[in-house]
Amino acid sequence: MHHANHFYGHAHVLARYAGLSDGHPPRINGYVQHGWNIGDGLAPGHPYAEGTPSLLWSEQTRRRAWSLGRRNVTVIGAPFTYLLAMRPEPQSPPQRAGTIWYPFHGWEGQHVEGDHDRLIAQIRDTEPGPVTVCLYWHEHRMRRVRRRYENAGFRVICHGYRGHWWSDTDPDFLDRQLTELRRHARVASNRLTSAVFYGIAAGCAPAVYGNPMVLAGEDPTFGGTARIRRQWPELHGEQVHLPTAVEIARAELGVDHRYPPAALRELLGWAATQEETT
Amino acid sequence: MTAETAVTLPGGEMLTWSDRRADAGNRPLAALVARLVPPGADVLLAGPVDPAVLDALGQTHVTALLRGYPDAAALAGRVDRVVAAGAAGLPTDEAYNVVIAAGGLDAVESVEGPPLGWNAVLARLTAAVRPGGVLLLRLDNPLGVHRLVAASGWYVGRDDAEWTVGGVLDTGRPANLDQLRLRLDAAGLRMDTSYVAYPRPESTTVLLATDQVARHTTSGLFEAVLHTACTSGYADRFVVADPARLAVDALYAGRAAELAPGWLVIAHRAASSGDDLNATDRAALPLAVLANDSSDGRIVEVVDGPQGWHWHRSGSIVPRSVRTPYASREITHLDPAAPEGPVPDGRLLHSLLLDGCLRRDTALLRRLLRGYADWLTGQADADRLTGAVALAGADNLVVSGDRFAVLDPSRRADDPLPVDVVLARALCRFATELLTGGYAHPWTATLDVAGLTVVLGGVAGRDFDRAVVDAALDLEAAVRRERDTGRRRGLDTGRRGDRDAEGRSGPDGDLRALTPTDPPPGRHSYQQLRDAWLRQRDENTRLAAALTWTEELLTSRERALRRAEAKLDLLSGTVSYKLARLASTPARMARRGARAAKRRARAAISRKDGNHE
Chain A
1 MHHANHFYGH AHVLARYAGL SDGHPPRING YVQHGWNIGD GLAPGHPYAE GTPSLLWSEQ
61 TRRRAWSLGR RNVTVIGAPF TYLLAMRPEP QSPPQRAGTI WYPFHGWEGQ HVEGDHDRLI
121 AQIRDTEPGP VTVCLYWHEH RMRRVRRRYE NAGFRVICHG YRGHWWSDTD PDFLDRQLTE
181 LRRHARVASN RLTSAVFYGI AAGCAPAVYG NPMVLAGEDP TFGGTARIRR QWPELHGEQV
241 HLPTAVEIAR AELGVDHRYP PAALRELLGW AATQEETT
Chain B
1001 MTAETAVTLP GGEMLTWSDR RADAGNRPLA ALVARLVPPG ADVLLAGPVD PAVLDALGQT
1061 HVTALLRGYP DAAALAGRVD RVVAAGAAGL PTDEAYNVVI AAGGLDAVES VEGPPLGWNA
1121 VLARLTAAVR PGGVLLLRLD NPLGVHRLVA ASGWYVGRDD AEWTVGGVLD TGRPANLDQL
1181 RLRLDAAGLR MDTSYVAYPR PESTTVLLAT DQVARHTTSG LFEAVLHTAC TSGYADRFVV
1241 ADPARLAVDA LYAGRAAELA PGWLVIAHRA ASSGDDLNAT DRAALPLAVL ANDSSDGRIV
1301 EVVDGPQGWH WHRSGSIVPR SVRTPYASRE ITHLDPAAPE GPVPDGRLLH SLLLDGCLRR
1361 DTALLRRLLR GYADWLTGQA DADRLTGAVA LAGADNLVVS GDRFAVLDPS RRADDPLPVD
1421 VVLARALCRF ATELLTGGYA HPWTATLDVA GLTVVLGGVA GRDFDRAVVD AALDLEAAVR
1481 RERDTGRRRG LDTGRRGDRD AEGRSGPDGD LRALTPTDPP PGRHSYQQLR DAWLRQRDEN
1541 TRLAAALTWT EELLTSRERA LRRAEAKLDL LSGTVSYKLA RLASTPARMA RRGARAAKRR
1601 ARAAISRKDG NHE
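Chains as they are written, first to last, in my numbering: chain A, 1 to 278; chain B, 1001 to 1613.
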């Protein structure tokens, strides 16, 4: 199995939904898109074997991937939508309050360039209620960055470690994220990212504003933040039209493409899997 | 009376020639003949004719003109008069109410005597039509589906029957319906109506009214009958491309008449004194006559009435269904009263699904399949279905808006079948067509037929697994066995037992044995074989890339394992490790001793239990 399938506990969530235990998910016959993506759904720079299925989130990504030369691409929807199916919103949910704010992160090898203080001031000016800032794990580990947000009076959290090379994947990453999202009325970020779409799907009103904080040496292959703003202008701003956002999130997360467990087992190559118990 | 005396021999007969072919015939023509030929009429059968047509002629005076003496001798005694000769042997002073040239005019020409040519043969036959009489004539299409899919050019003919090759270059013969109309006009006959004849010129199992085919380009009925006729009609024949796909595409493009393998025209000579025998009958002809495999050898018609299109059984020539003695209990039966009632309008579900797959319109596929599954559930009793709905596949279901209906309800299930099994069977058949036909679709090539069936079930909102697909495949095998038995029985009753070779693999191979890289079972088209080979090549490329990737990954993981082992070895040699191990020695020994004591105690207890017994 490609190690990226384990990121954020995606394979664990899918295994649980498919009726397998999530102790050690079986190998997936393909690459599961592990984050919202404006390219072909796969992370640039990862090694991929030609013809191996790409299991993507949305139909739009599938079309794009096909046009970029990918084959054996199919849409199964984001693992987060499978989690939503397993954990539907309770009938009488607890009162939501405040905003969960995701400052844009790069991955481990990337370094965000931008002014955190200015962003903090903007958040404080914009958000009406209490703010929870969720940092990416490696920024959360950086005491200096963490302290800045804490000193601003924000609650600072981290959903967990994404995992790398099958090690230290936090199987509860998405569960924890969903729990946090459902506590908040708004979800916001300085870039349109997976977390914003997850937040919309979890019932938050979205907002995307502030300095997008470019990455040092960011790959412009797919158009970067400028293209994201061009293509999804409706999702940018301090206030966003909620029904439009819900519709877009539904398409981008592929909620309608979610399969029942037996069909998912077929698509992931798990139909004849001997489950490992350890 | 001996055969020799029963056959009139005016000269020009072919002594050893026979036009009887196992794979030729035109059973649907029998239904038209039954309607057009009144009792007591004088009928001329020019050239070979299907036995079903003979049956339909009933109380008429029949003269048969056959060029082959063996055919004439075989027919002697069954009709009023048999003439063994070419068209020149037809008495010039005789005229008939009905002249039937069901095999076309080439089959009337004899090798003996001077050749007449197409026009002259037509002149002889039209001259034999009385005022008010009717001519039924077959004309082959030089640009028909059969020509477009032929593995060899029409111009290379070397068969015994091709002592001359008459093709489109011969301007003496008409090459389309308009040209034929002009020839008939010149001969004093008026073309009343015409039918397109599928699937092959020499073998017609479907007749569709030309004007209706051009008008109803998305008709589920027309699509289903063309697809079935062209699939079974070309089974085990090597062709360049799939004739069924081509025929259905032609229908959608409004060109099913132009690409028909042949046409059957009905023309009449104006009555001089108002004694037009069958003007009324000609006006009430069916818009479709079918005798293909799906109707189990029966002839059925579709007529246009005030309430729309209706099924109509062709009464006297429907072979009676005979139950096989000692046969094991059947799970399906052919309803003797069906098909009857209205023909539901709408598009064939099969095509709508194919379109959804090709365009990757998963929203459409969801809507269709969920609608279908809900429709099945809505008719179920305790989650089980019986009747026609339990057996109808996507190629026998029409959809109009959100309404589903069984197109031909002839075959019905006796035993109640679980809804999921019914759904899985329909989806499995569709998945087989989709994969082996090489259609583009929204899913990965790693899915086999059973896997894709489960996925399609998921699109339909149903969560069934391979166990249900297995049950569906068992059902499919049972239905096929019964249908094949019924088909052979029907053909035997219709005296056409030798038309299809028994045990023909047809499109009905074992679905379990199929892989996505196989060509469609029972079909042999170059295009589909090549597409299957390309799929195999892609699959090999994918597997080779996966193997390389796996090898590299294995190497890297082995390296990581060696590093971990080295680290363990290193740590095992440290002072702290040794001290810790020393400290834990008593505990380990105690644990070992406790285990041994436990084992001894168990052994003692079991010995004691044994003694008690």
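Calculated from the structure, these hints are not laboratory results.
Keep in mind that this is a model prediction, so the values were computed, not measured.
Mixed in with the good hints, there may be bad ones.
To be verified - Stretches of chain B that chain A covers, calculated by requiring three or more beta carbons in the stretch to come under 8 Å of a beta carbon on chain A:
1) 1358 to 1365
2) 1463 to 1477
3) 1540 to 1546
As the list claims (entries may be wrong) - Just the calculated beta-carbon pair ranges, DEER-fashion:
4) His1524(B) - Arg176(A): 40 to 46 Å
5) Pro93(A) - Gly1522(B): 20 to 26 Å
6) Asp1236(B) - Glu89(A): 32 to 38 Å
7) Arg1595(B) - Gly203(A): 24 to 30 Å
8) Pro233(A) - Asp1470(B): 47 to 53 Å
9) Gly203(A) - Leu1364(B): 24 to 30 Å
10) Gly45(A) - Gln1536(B): 56 to 62 Å
11) Glu89(A) - Ser1556(B): 29 to 35 Å
12) Gln122(A) - Gly1401(B): 50 to 56 Å
13) Ala1363(B) - Arg146(A): 49 to 55 Å
Said to hold, decoys possible - Some but not every residue of chain A turned toward chain B, in silico, with C-beta under 8 Å:
14) Gly30
15) Gly39
16) Glu89
17) Asp175
18) His257
19) Pro261
20) Leu267
Every residue gets a Cβ at the ideal spot worked out from N, C-alpha and C, and that includes glycine.
Consistency of the hints with the structure:
no. : hint                               : result
1   : 1358 to 1365                       : holds (count 3)
2   : 1463 to 1477                       : holds (count 4)
3   : 1540 to 1546                       : holds (count 4)
4   : His1524(B) - Arg176(A): 40 to 46 Å : violated (58 Å)
5   : Pro93(A) - Gly1522(B): 20 to 26 Å  : violated (58 Å)
6   : Asp1236(B) - Glu89(A): 32 to 38 Å  : violated (59 Å)
7   : Arg1595(B) - Gly203(A): 24 to 30 Å : violated (55 Å)
8   : Pro233(A) - Asp1470(B): 47 to 53 Å : holds (51 Å)
9   : Gly203(A) - Leu1364(B): 24 to 30 Å : holds (29 Å)
10  : Gly45(A) - Gln1536(B): 56 to 62 Å  : violated (32 Å)
11  : Glu89(A) - Ser1556(B): 29 to 35 Å  : violated (43 Å)
12  : Gln122(A) - Gly1401(B): 50 to 56 Å : holds (52 Å)
13  : Ala1363(B) - Arg146(A): 49 to 55 Å : violated (44 Å)
14  : Gly30                              : holds (7 Å)
15  : Gly39                              : violated (19 Å)
16  : Glu89                              : violated (21 Å)
17  : Asp175                             : violated (23 Å)
18  : His257                             : holds (6 Å)
19  : Pro261                             : holds (6 Å)
20  : Leu267                             : holds (6 Å)
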